[in-house]
Every structure is written in C-alpha cells, then in structure tokens.
Amino acid sequence: MKKLVICFCSLVLACIAFNACSNSVTYAELLEDEKASINNFITDNNIKVITQKEFQDAGCVTDVNKNEFVLTTSGVYMQIIDKGSEIMGDTIRNNDMVIVRYAEYRLEKDSAATQVMSNLGVGQITNPDIFRYQKTGSSVSGLFKSGMMYYVYNSQTVPQGWLVPFNYVRDGARVKLIVPSKMGHETAMSVVKAYYYDIHKFQLFR
-13 MKKLVICFCS LVLACIAFNA CSNSVTYAEL LEDEKASINN FITDNNIKVI TQKEFQDAGC
47 VTDVNKNEFV LTTSGVYMQI IDKGSEIMGD TIRNNDMVIV RYAEYRLEKD SAATQVMSNL
107 GVGQITNPDI FRYQKTGSSV SGLFKSGMMY YVYNSQTVPQ GWLVPFNYVR DGARVKLIVP
167 SKMGHETAMS VVKAYYYDIH KFQLFR
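Numbering of the sequence shown is given in the numbering used here, commencing with residue -13 and proceeding in unit increments.
Quick caveat, the hints were computed from the structure, so don't treat them as lab data. Backbone N, C-alpha and C define an ideal beta-carbon position, used for all residues, glycine too. Careful: at least some of the hints might be erroneous.
As the list claims (entries may be wrong) - Straight-line alpha carbon distances no greater than 25 Å define the calculated SDA-like cross-link-like pairs of lysine to any residue that follow: (1) Lys131 to Asp184; (2) Lys69 to Arg87; (3) Lys52 to Asn26; (4) Lys21 to Lys95; (5) Lys131 to Lys95; (6) Lys39 to Asn26; (7) Lys69 to Lys187; (8) Lys39 to Val11; (9) Lys187 to Thr12; (10) Lys69 to Gly45.
Said to hold, decoys possible - Here are the in silico distance ranges between beta carbons for each label pair: (11) Thr122 to Val11: 16 to 26 Å; (12) Thr143 to Lys21: 36 to 46 Å; (13) Lys168 to Lys131: 18 to 28 Å.
Between the sequences and the hints, there should be enough to build the whole structure, so can you do that?
This is the structure we're talking about:
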C-alpha cells in the first residue's frame, strides 16, 4: 500500500512538472511575440521603413510626410522630426546633461500600444527627466539623475535605444523611436517587450 501511495504521489508530481513545462513560454517565443507587436504597430500606423543605406543616401534624414522610420543597425526604428539646433557645435558630447521630454508606450502583440508614462504634462515642467551622457571610445551610455524613468523603473540606466539618435541630431531635437527589448530599459529586457517613444525634445545644458 505504501509503495502504491508513493507511486501515485510521484505520478502527480510528474504531471504537475509536465504541465508547468508545457505552459511555460520560451525566450524565442517571447521574441517572436515582440517582433509581431512591432510589425503590427508599423502596419497600424502606416509607417514606411527605410534601410540604413537609404537613410544615409538621403543625408541622414527621414521624410516625415511619408512617415519614414529608418531601421538602424541596432534594431531601433527611428524617425527624425527635427534635427534640432542649426549650430553644428550643439551636438551631444561626453558628460553633457540632457533633459528629455517624452511619452512612453508599450507595444503588445494583439492590441494597440499602451501609454505607460509621459512627462509632457503641465505638472512635469519642474521635474523633467535628466541624464548624463557618457562616451568612451565607441561605447556610449547614460545615467539618469532624476525624473519618472528613474523612479518608475528604479534604475539609473538610460535605454540604449534613446542614445541611437545622438549620432544624427543636435540640441533641441525631436525624434520618434521604436525600441526593441534588447535596446530598452531593464524592465523591457526582463519582460521582452518593445516600447515606442515620442521624444519631443532632447535639450542640453552644460
């Protein structure tokens, strides 16, 4: 009888383990869902995707009237609405402090983009997101000093996707970005979700 009980318990545990394994989602499947969410967003918003070469041939600009986004080598989709200052020296440099005005949306596979946060409201004027830009050789990074991204996600690390435009824009630029999880903040990476950003302004202060 005792052996029968042990065998029965073992069978139950094996079934539980099997169900847990069969119901789990693999990382590859999460990446497929993320890719689907990006493609759906592109289709739903009538975005025209251009290559890096087409972008460079056009003088590193995107045609806003055609709703062009360039698919960069990093996997980030970028639309430059305004390059910012006409003064060539107003580029983002190492140790610059950058103020960011933006709205953040999470992309879902089977639904419209969901707004997560925004600092564009009147109440955010005195509490913008601020980070320090750092460049060492070909490596770039950013560390938040204050703002909603820092406090909501409890991390100082600026999404790598936010730094991609800095090769092409200057002080006061406005861009839109579709950022895959691998180029996003730590939460994006952990849940394998892409995020869309409407960044109204990258503003420098030195």
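Going through the hints against the structure:
1. Lys131 to Asp184: With a Cα-Cα distance of about 21 Å, the restraint between Lys131 and Asp184 holds, given a limit of 25 Å.
2. Lys69 to Arg87: holds, 15 Å
3. Lys52 to Asn26: This hinted pair holds, its Cα atoms lying about 18 Å apart.
4. Lys21 to Lys95: Answer holds: Lys21 to Lys95 is near 8 Å, not above 25 Å.
5. Lys131 to Lys95: Roughly 33 Å between the alpha carbons, so the hint for Lys131 and Lys95 is violated.
6. Lys39 to Asn26: Satisfied, since the Cα-Cα distance of roughly 24 Å is no more than 25 Å.
7. Lys69 to Lys187: Holds: Lys69 and Lys187 sit about 10 Å apart, inside 25 Å.
8. Lys39 to Val11: violated, 36 Å
9. Lys187 to Thr12: violated, 37 Å
10. Lys69 to Gly45: It holds: about 12 Å lies between the C-alpha atoms, which stays within 25 Å.
11. Thr122 to Val11: 16 to 26 Å: Cβ of Thr122 to Cβ of Val11: about 37 Å, so the range 16 to 26 Å is violated.
12. Thr143 to Lys21: 36 to 46 Å: violated, 24 Å
13. Lys168 to Lys131: 18 to 28 Å: holds, 25 Å
In terms of the numbered hints stated before, the structure departs from hints 5, 8, 9, 11, 12, listed from lowest to highest.
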